[in-house]
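Engineer: This is what each chain is made of:
Protein chains: 2
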Amino acid sequence: MLTRIDHIGIACFDLDRTVEFYRATYGFEVLHTEVNEEQGVREAMLKINETSDGGASYLQLLEPIREDSPVGKWLAKNGEGVHHIAFGTADVDGDAAAIRGKGVRVLYDEPRRGSMDSRITFLHPKDCHGVLTELVTSAPGPRAEH
Amino acid sequence: MLTRIDHIGIACFDLDRTVEFYRATYGFEVLHTEVNEEQGVREAMLKINETSDGGASYLQLLEPIREDSPVGKWLAKNGEGVHHIAFGTADVDGDAAAIRGKGVRVLYDEPRRGSMDSRITFLHPKDCHGVLTELVTSAPGPRAEH
Chain A
1 MLTRIDHIGI ACFDLDRTVE FYRATYGFEV LHTEVNEEQG VREAMLKINE TSDGGASYLQ
61 LLEPIREDSP VGKWLAKNGE GVHHIAFGTA DVDGDAAAIR GKGVRVLYDE PRRGSMDSRI
121 TFLHPKDCHG VLTELVTSAP GPRAEH
Chain B
1001 MLTRIDHIGI ACFDLDRTVE FYRATYGFEV LHTEVNEEQG VREAMLKINE TSDGGASYLQ
1061 LLEPIREDSP VGKWLAKNGE GVHHIAFGTA DVDGDAAAIR GKGVRVLYDE PRRGSMDSRI
1121 TFLHPKDCHG VLTELVTSAP GPRAEH
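As you go down the protein sequences, you meet chains A and B in turn. Quick note on numbering: the numbering used here labels position 88 of the first sequence as 88, and the sequence is numbered without any gaps. Quick note on numbering: the numbering used here labels position 26 of the second sequence as 1026, and the sequence is numbered without any gaps.
The set of hints was computed from the structure by calculation and includes no laboratory data. None of the values given here were measured: they were computed from a predicted structure. Treat the hints with caution; some may be incorrect.
What the hints assert, rightly or not - Chain A regions said to be covered by chain B (calculated; three or more residues, Cβ under 8 Å):
no.	stretch
1	18 to 29
2	34 to 46
3	99 to 105
4	120 to 134
We put the CB at the ideal spot given by N, CA and C, even for glycine.
I would like the entire structure built from these sequences, with the hints used as guidance.
Structural biologist: Next up, the structure:
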């Protein structure tokens, strides 16, 4: 069951400048940064609020590290903007299977590693009224803040 | 101060079909529907979770009621997808003024009426790394659920 808006994924050309925009304009601070080689992105997580399911909602700022990464190709086509939205669940495997059973294409056979050691998968935007939709199960235990 | 992700605004061609997609696929239910004549949209609010500032996070599904409305023009250009993101604040007037003072274009001179009698304004996407960004202060008191 999807119990929260986990994050909004925003693609940008320059992560440092975009992080600085969000800090200077709104006061949002970076909780975590990492490079995800498999996804081909450098990213920053900005925690906005906690949620009633015990999780939190973030902005996820994404800069491609390769032009041929999914985010790199998306940016070349669309320019900066909202790349995807993500819903949090305690059971990404079960929810992905149930959603696949309803005829929505799930992009990975098995969930892969996402931000902060979460497990993630994506739903095809053409099956979701144009919205690239991620499902995410956070890593167990307190989140490392670095 | 912006204290939550208030909603993700998603533009669609057919509100009823899109509402049914979110219900059938994820189990999300409609909390509220309304027509906003000024904005030129028919909309449905799907509550996803409550937030640590005492508010909540929603999906806002938007169907234009006029082709020449902002959402109608956006849909004609982009197709269905994420139209804007919204941050919640207790003081949309103060935050809009402060953000304007930082050189970000605020689209309205004064906040206007948004979903569920909230007060809203928008920031120019070209000043926000491509993201049309809304600021929203909820109506006081318990939210009418209809």
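Engineer: Go through the numbered hints given earlier and state which of them the structure violates, listing their numbers in rising order.
Structural biologist: Hint 2 contradicted; others consistent.
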